[in-house]
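J.: Here are the chains, one letter per residue:
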Amino acid sequence: MIDIHDIWKIYDVGGQKIEALKSVNLTIEKGSFISIVGHSGSGKTTLLSVLGGLTKPSKGSVRINGTDIWTLNDRQLSAMRNEKIGFIFQFSSLIPTLRAIDNVALPVIYANGGKKANRSAVYEYAEELLSTLGLSHKLQSFPSELSGGQQRRVSIARAFINRPAIILADEPTGDLDTQSEEEVMEFFSRINEQDHTTFLLVTHNLGLARMTDKVHTMKDGMLNSNNGGNPA
Amino acid sequence: MKIYQVALKEIGKRKMRTLYTSFGIAVAVSMLISVMITASSGQKEVFNVIARYGHSLTITPVDNKTSQSLKNFGIGTGSYIPESALPDILKVYQDAIVAGWEKMGALIFQEGTIGIAGASFPPPTFAPRLYEETTIKGKDVIVGGVVLDKELVARFWWDIDNGRFMENDKEIIVGKLFATLTQTKPGDTLEVGNTKMTVTGVLRETDSPDDYMVFTSLKACQMIFNKQGKISMINVRAMCPKCPVGEAAVEINKKVLGVRATSQMEIATAQSQIFQKTTALIVSFVVASLIISCIGVFNIIMGSIHGRMREIGLLKALGASKNQLVRFFLYEAVLIGVTGGIIGFALGGALSHIVGPILFKDIVIQISPRFLVIAVLLGTMASVIASIYPAFYASKIRVTEAFKSL
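The listed protein sequences correspond, in order, to chains F and P.
If you count by numbering that gives the first Met the number 0, then the first sequence holds residues 0 to 231, one letter each, in order.
If you count by numbering that gives the first Met the number 0, then the second sequence holds residues 0 to 405, one letter each, in order.
Careful, some of the hints might be misleading.
[To be verified] Okay, derived cross-link-like pairs now, BS3-like style, lysine-lysine, Cα gap no bigger than 25 Å in a straight line:
no. : chain 1 : residue 1 : chain 2 : residue 2
1   : F       : Lys21     : F       : Lys218
2   : F       : Lys55     : P       : Lys395
3   : F       : Lys213    : F       : Lys21
4   : F       : Lys218    : F       : Lys55
5   : P       : Lys102    : P       : Lys8
6   : P       : Lys12     : F       : Lys137
7   : F       : Lys83     : P       : Lys321
8   : P       : Lys149    : P       : Lys102
9   : F       : Lys55     : F       : Lys29
10  : P       : Lys90     : P       : Lys138
11  : P       : Lys90     : P       : Lys102
12  : P       : Lys184    : P       : Lys138
13  : F       : Lys58     : P       : Lys395
14  : P       : Lys12     : F       : Lys55
15  : P       : Lys254    : P       : Lys102
16  : P       : Lys254    : P       : Lys8
17  : F       : Lys21     : F       : Lys58
18  : P       : Lys149    : P       : Lys90
19  : F       : Lys137    : P       : Lys8
20  : P       : Lys90     : P       : Lys218
21  : P       : Lys90     : P       : Lys136
22  : P       : Lys321    : P       : Lys226
23  : P       : Lys195    : F       : Lys83
24  : F       : Lys137    : P       : Lys14
Please keep in mind that the hints were generated in silico from the structure rather than gathered at the bench.
Using the sequences plus the hints, can you model the full thing?
T.: Structure representation (structure tokens):
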């Protein structure tokens, strides 16, 4: 379970205080499939960063299974990000010098320095994920040899390699066509149902948000809740 | 896949940047290695000569009759040492060497050579010479009478350019300059005093008065000039590198009347010290260039980090800890350093073949595998030192800052 309590994020830009998040409270049950919609600059990406342990809040707490993640040290926080959370970023986020399959396997390297990883099992699963996302013929391609949509699908596959309990996705289908978008969402739903993985999607695509169980809206750093198109 | 493999892939994909960075290290390492190889080979050469022949001592008669013109050549005629005095001089020398060893604590300095009383050490080579002035082919010249086998030890640099050394009392060899000026060649006959002698060879140029001299056997020289039993000087080779030759010189001067012994060890020591100081000076310049290379590597790596902010942020977001990021960049630094060290070793080896012969005539460049180890260690050390700050800087980059750089 994720419990966000009274989160504030205030940036100091040239002496001017900008409140990106204002007293955000949110509880997400395990296995939830929810989305946050809002205009650009509404604070939804900042909320995702705070929740994922990437941006430290100015005030408030983020508890994952009862642990306040912002009280963890760097090593513990890194391990938590690596093992429990899968990130899908809104921009192309692949390492240009690694092939598609190596990019997918990358998070495993940083889990205990790759010492506990079973290389063949990891690469088998990476291949399975890429195949599921329609990239079985691009396993050995470098990012520069992939289209924007293909790169996005590789980064989606990477988010699942450590079988995380939580997926945080920022505009996950941004570069995809309608058909690919539906396939990716079906894939998310399947994982959500099979493994009870928690999904939090951030998007300004209302059509995509309606495919989730619950939709939250953000405006000027504040969060409002309402049911999505497929209420639970 | 491990972190070092990711670093390896990174380097493999950015070959030009890696080579460019490594080259900065390689240039400095190559200079250092070439200086080390040249200095080592040069010192070895000097040591080999000293080990083979030891230091030298010159024994001349106390100078009261020597003609001034010849003295300018460093050669004395007109004053003599009786040949019969040789055993006495040798005994004083030997006793002084033994006493010197005892004073030094009789250290064993090489196998089979122990400096204690009664123990053996290599016998010295006493090479006597008789100098006489005469005229050959209308030119005033000095005839040197030598004992050839001893002379070849005392003047180990002697070699024949054309022909061969003399083998009997009727044969003679000539210095290079004399041969050129008088058009003398092997097979010619020269009249020395009233004796006709056959030229058997021309001495290779020595850059010494020997070049304008002619040489025959000591016995022949004594006979021709009617100086039986007389010699002009004795050149002594210690035949051991650490024999206390200086003390032997002092003892000879004290105990043998009518002669003056001069040790050349002091000159050799001074030369060795100058050599070492010059090497140290060059090494300090080269170390300075290594530091400049480090600054170059530092700049390149810092630039590379700024260009890879997103990548670093991404690695952190995917779970890389600070420690893992530091390791990631240090692995890169090690690979750059090793590459630079290997290239530097190759360049340094080649450079020493060019610089060595300029500094030391007849030097034999010896490239030992230890120089490869030194080059790789130096390259790696320089690269790692230059990368420590950038690596920690990268590890402290905040994910959100990295993403803002998009």
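J.: Hint by hint, note whether the structure agrees.
T.: Results of checking the hints against the structure:
1. F:Lys21 x F:Lys218: 10 Å, holds
2. F:Lys55 x P:Lys395: 14 Å, holds
3. F:Lys213 x F:Lys21: 21 Å, holds
4. F:Lys218 x F:Lys55: Distance ~20 Å between lysine 218 (chain F) and lysine 55 (chain F) Cα, so the pair holds.
5. P:Lys102 x P:Lys8: 65 Å, violated
6. P:Lys12 x F:Lys137: The given pair, whose Cα atoms are some 19 Å apart, holds under the 25 Å limit.
7. F:Lys83 x P:Lys321: 18 Å, holds
8. P:Lys149 x P:Lys102: This hinted pair is violated, its Cα atoms lying about 30 Å apart.
9. F:Lys55 x F:Lys29: 23 Å, holds
10. P:Lys90 x P:Lys138: 40 Å, violated
11. P:Lys90 x P:Lys102: 18 Å, holds
12. P:Lys184 x P:Lys138: 16 Å, holds
13. F:Lys58 x P:Lys395: The given pair, whose Cα atoms are some 22 Å apart, holds under the 25 Å limit.
14. P:Lys12 x F:Lys55: 34 Å, violated
15. P:Lys254 x P:Lys102: Between lysine 254 (chain P) and lysine 102 (chain P) the Cα gap is close to 19 Å, so the pair holds against 25 Å.
16. P:Lys254 x P:Lys8: Violated - the C-alpha atoms of lysine 8 (chain P) and lysine 254 (chain P) are around 79 Å apart, more than 25 Å.
17. F:Lys21 x F:Lys58: Between lysine 21 (chain F) and lysine 58 (chain F) the Cα gap is close to 10 Å, so the pair holds against 25 Å.
18. P:Lys149 x P:Lys90: 18 Å, holds
19. F:Lys137 x P:Lys8: Distance ~18 Å between lysine 137 (chain F) and lysine 8 (chain P) Cα, so the pair holds.
20. P:Lys90 x P:Lys218: Holds, at about 23 Å.
21. P:Lys90 x P:Lys136: 42 Å, violated
22. P:Lys321 x P:Lys226: 91 Å, violated
23. P:Lys195 x F:Lys83: Cα-Cα ~107 Å, so violated.
24. F:Lys137 x P:Lys14: 24 Å, holds
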